[in-house]
Amino acid sequence: MDSSQEMTRGAIELVVLQTLSNYGDNYGYELIKIIAQKSESIFEFKEGTLYPLLYRLEEKKLVKSYRQVAESGKERRFYHITAAGEKKLASKKSEFETFLAGMDAILKPNHLSLER
Amino acid sequence: MKNRTIHKQYVDDIIRELPISEYTSRFCEELLEHLEDCEEDFNDQPGADSPKQTVRKIGDKDLIIRTYKEFHRERHSKLRRLELSFYVIFSWLIFFITSTIPNYLESTYLYSDHPAPLFSGIMIFCAAIFCTLAINYTFYNFLSVRLSLHSESDDRKQKLLVIFFFLPAISALVNLMTAFSAPGQAQLWGILIAPLPFLSAFLPALINFKIICKNKKNVGLDATLPYLTLTVFLVFLLLVAATDKILFLETLSPLQAIVNIFYIFHFILFILIDVIVDLPFFALFPMDNSNSASYVVPVQMVSVNIAIAAAYVMSLGAIGVLALRSARKQKNLAEKRWNRAVGLILCAYAIFMFLPIKSIDTPAINWNVPAKEISKQIEKKQFGIFYSFIKFKNDDEGYVYNYDTCSTENGFIAKQSSGQIFYFDVTGASSIREVKTVRMEKQKGKEYCAQIPTKGYDAESLFFFQEGWKCLDKEDTPLPMGRLEGCAKITYADREIFKETYEHSTSEIQSIEMSADGNWALIKMADVYSVDFLYLADLREPK
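Protein chains in written order, with the working numbering: chain A, 1 to 116; chain B, 117 to 659.
Worth flagging that the hints you see were computed from the coordinates, not collected in a lab.
By construction, the Cβ of each residue, glycine as well, lies at the ideal position given by its N, Cα and C atoms.
One or more of the hints may lead you astray.
[Said to hold, decoys possible] Once the Cα atoms are required to be at most 16 Å apart in a straight line, the calculated EDC-like pairs of lysine to aspartate or glutamate come out as:
{"hint": "1", "chain 1": "A", "residue 1": "Lys33", "chain 2": "B", "residue 2": "Glu149"}
{"hint": "2", "chain 1": "A", "residue 1": "Lys74", "chain 2": "B", "residue 2": "Asp610"}
{"hint": "3", "chain 1": "B", "residue 1": "Lys185", "chain 2": "A", "residue 2": "Asp25"}
{"hint": "4", "chain 1": "B", "residue 1": "Lys173", "chain 2": "A", "residue 2": "Asp25"}
{"hint": "5", "chain 1": "A", "residue 1": "Lys33", "chain 2": "B", "residue 2": "Glu145"}
{"hint": "6", "chain 1": "A", "residue 1": "Lys46", "chain 2": "B", "residue 2": "Asp176"}
{"hint": "7", "chain 1": "A", "residue 1": "Lys64", "chain 2": "A", "residue 2": "Glu40"}
{"hint": "8", "chain 1": "A", "residue 1": "Lys74", "chain 2": "B", "residue 2": "Asp176"}
{"hint": "9", "chain 1": "B", "residue 1": "Lys586", "chain 2": "B", "residue 2": "Asp610"}
[Stated by the list, open to error] Which chain B residues face chain A? A few, computed with CB under 7 Å, are given here:
{"hint": "10", "residue": "Tyr139"}
{"hint": "11", "residue": "Phe143"}
{"hint": "12", "residue": "Cys144"}
{"hint": "13", "residue": "Glu146"}
{"hint": "14", "residue": "Glu149"}
{"hint": "15", "residue": "His150"}
{"hint": "16", "residue": "Asp153"}
{"hint": "17", "residue": "Ile174"}
{"hint": "18", "residue": "Leu179"}
{"hint": "19", "residue": "Ile181"}
{"hint": "20", "residue": "Thr183"}
[Stated by the list, open to error] One side of the interface only, derived from the structure: several residues of chain A facing chain B at Cβ under 10 Å:
{"hint": "21", "residue": "Ile32"}
{"hint": "22", "residue": "Ser39"}
{"hint": "23", "residue": "Lys74"}
{"hint": "24", "residue": "Phe99"}
{"hint": "25", "residue": "Ala101"}
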């Protein structure tokens, strides 16, 4: 896997964890809807690819799942962020913020002109 | 309802390509629920083609499969590395064992006078490669299934590979067993170990199918075949354990039939490969009808091979028909095509291979008196339909059932090198058909022929002629390979008993035993590979 893929996956993992942390336990379809809505459709990935990502998080014990009846009256698998997940989220967020700050600093035009 | 079918088909297409694990059924479930939720949302929008849009929204099948496989690979990456290391190390180890030991035995004992050590080397080398591949593939398959690395479609390819790798592998194993065992025991080993690779190939598939069955209900023939095989195998083992009479004359034909099913299955590819590998050898030694070795041996090898292949293919044909029947019932198009293809190939192959059956060659003797090839009769009963193949293997490798003979008051005794003793009672027999063959207790047999050793034979044995017997037109010119100093004509009391043609003179008389009344003779002949042929001849003048 190249670095851009790794980065994208890292970002999506962060988005999913943050959504679970902010909006509480939810199931796949609802999670996608929330993410699309809150990110103003910036994060509109192919929905079928969400589940392997959730499984990966579950394997890492960052989330856990359980089946429960949803508001629609149908039973769905809900995902819950664990304490380890919250911890990971915090560290990932910090990493990402540092990364973004660095990128921001480099990509700013005035920064380039100063260097010259 | 229609929408649900579209969704089901979409999810099925994805699941079929996925590695099987505890997440597979869950993924299937969640995708279906996701599609359902998504469709409900689209249904609220007027004019929307909800099923199509739903599927488009959830994503391209290949992308989903790729994403899932990526997750799966990552999950098992450590174990997979371990598995591959094991595979690499083990393959070399097996290859070393299977190639070195037989080669050593070959060079020191078996083929010490073989004209083409290169040929036998190639044979062993091929067997070793196949054996290595087969054993490794089992481990690979087994571990992979345990680690859930394969998808259902991968599994099909695997099953085929496993089966085809095992066909030659068993012959390599039997070769090894033959090298280690005394005459007679090798065949028993062969019969007993033959089902093992079959079982080991199917066990992982069985485990795999259990997982598949858990996730999907309709797997048809694929699911039942391994279970069926396992059941038959267990029944077979039980029968063998219960009777323990594989090599005895009392062996019943139903038991032989059960044994045959397994035994034959594993030899086909070996036989085909054997023939292919033999061809360059015979190309090196140009065909010449005046040279009996280059004439008889290839004919014998090919004809026996074809006969065994035909028997094997009958079993394949049965599976072919089963597959075709299953294809008719199958609703899933892919499954249907798969079963039909397999069925057609197997049936066509079965029909094709069944056509040219020919039996093993025996010395070309023209008898002038009633005579019966007793050794053939005994061995045929012992080995059933394997007789030709075992005889062929024995002829080719120098392992045979040799016989020691002696005469008693009322008949003859033949001691087989397997340790069994047979008594031929000629008392009151008005024709050769009435001569009774009885398997004697060993102790009793010893009492009768105390002077005869129970095992082995004297390779240096000379012509032994009793009074009244004459060998005429004995060939004394330098003989090419495969020909012995045969008597063109044998007479007793100036009466011609039999004659052999020079072109086929590949046998020589080892001994002649006469009955007390001088009416019967037990003639032992041996061919170039020291295979013994016992003939019982009625010497009485025709009435």
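Worksheet entry | Hints breached by this structure | Violated hints: 2, 3, 4, 5, 7, 8, 12, 19, 22, 24 and 25; rest satisfied.
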